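These are the residues of each chain, in order.
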Amino acid sequence: MRHKLRMVMSASMEDVRLCTLALRGVCLGLGMGEDEVRTVELAVFEGLSNIVRHAYCFDSSRKVKVELEVTEEFCEVTLIDEGDEFDPRQIPPLSVDHRDPGSLPEGGMGVHIMREAMDEIDYRREGGRNLLRLRKYRRGQQ
Amino acid sequence: MRLEEEKRGDVLVIRPLEARIDAHGAPEFKRRGLELIGQGNKKVLIDLSAVDFVDSSGLGVLVSFLKALGREGTVALCGLKGTVREVLKLTRLERVFQLFSEEEEALRALSG
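Protein sequences appear in the order of chains A and B.
So for the first sequence, our numbering puts the first residue at 4; every next one is plus one.
So for the second sequence, our numbering puts the first residue at 575; every next one is plus one.
Hint data in this document are derived by calculation from the structure and do not stem from the laboratory.
All of these numbers come straight from a predicted model, not from anything done at the bench.
All C-beta atoms, glycine included, are put in the ideal place defined by N, C-alpha and C.
Be aware that one or more of the hints could be misleading.
[To be verified] What follows is a set of in silico ranges between Cβ atoms, one per label pair, in the way DEER data are often shown: (1) B:Arg682 with A:Arg141: 37 to 45 Å; (2) B:Lys581 with A:Asp122: 41 to 49 Å; (3) A:Glu72 with B:Lys641: 36 to 44 Å; (4) B:Glu646 with A:Lys7: 27 to 35 Å; (5) B:Ala624 with A:Arg127: 26 to 34 Å; (6) A:Arg102 with B:Arg659: 15 to 23 Å; (7) B:Glu646 with A:Arg142: 37 to 45 Å; (8) A:His101 with B:Arg582: 20 to 28 Å.
Chain A extracted, bound-state conformation (with noise of 0.2 Å):
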């Protein structure tokens, strides 16, 4: 089983959401269970706005390719834009001590969310695009 699909979509929070909302809904038809579908949506929902924010800045009239592959071994979207160089994986780990408030994070939590939901993260800088590729393996199948 292979499945491929490509989405194009604008740069703006409506879209992250409504991408995300038809990714998971893509997933659970294609027979992926409740738990791996719910840590894909959060890491893309998180890849995705990043785009928005970051490299696009809120400009909607520019866009995002999301590519989901699904197979029985794994599943993986791939984000591609043109916009300001990011690369999720330079930004620390996150630090969270329970027992003092005073140094929790307000922010800066979305990559710490990609890290942890997926189990791989792959960035590339290639002809003015950035390509973030993150990669679960199926339950039981890694």
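Here the structure of chain A is known, so what remains is to put chain B in place on it, guided by the hints.
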């Protein structure tokens, strides 16, 4: 963002009525929550039973409530659905907030 607010004894209950708390509604949620905390509410219970999805912006708002109250107050969450619970787990914030299954259970624990 639509919110329901109710004072139950010394506990302020905030019930977001939107299915999603993300970058779109988070700023308004933060503004109103901090305003209520600024009015002297020290025990805040956020009932998330109508919420299906919270992103990093929404989490940031919950953390801002916690920081505003500091050690003098409490922020508790109840009614967490699957994806909301998952995002708290991924960010390890599940250890930071007091978590309860239902609102009445939380009120019994927080009141007094």
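So, going through the hints one by one against the coordinates:
The hinted range of 37 to 45 Å is satisfied by B:Arg682 and A:Arg141, whose Cβ atoms lie roughly 42 Å apart. One distance hint, 41 to 49 Å for the beta-carbon pair B:Lys581 and A:Asp122, holds here, with the actual separation near 45 Å. A C-beta distance of roughly 40 Å is found between A:Glu72 and B:Lys641, which places it inside the suggested range of 36 to 44 Å. One distance hint, 27 to 35 Å for the beta-carbon pair B:Glu646 and A:Lys7, is violated here, with the actual separation near 54 Å.
In this structure, B:Ala624 and A:Arg127 break the distance hint of 26 to 34 Å, their C-beta atoms being roughly 40 Å apart. Between A:Arg102 and B:Arg659 the C-beta distance comes to about 22 Å, which sits within the given range of 15 to 23 Å. Between B:Glu646 and A:Arg142, the C-beta spacing of about 43 Å keeps the proposed range 37 to 45 Å intact. For A:His101 and B:Arg582, the Cβ-Cβ distance of about 26 Å falls inside the hinted range of 20 to 28 Å, so the restraint holds.
When held up to the earlier numbered hints, the structure conflicts with 4 and 5 and fits the remainder.
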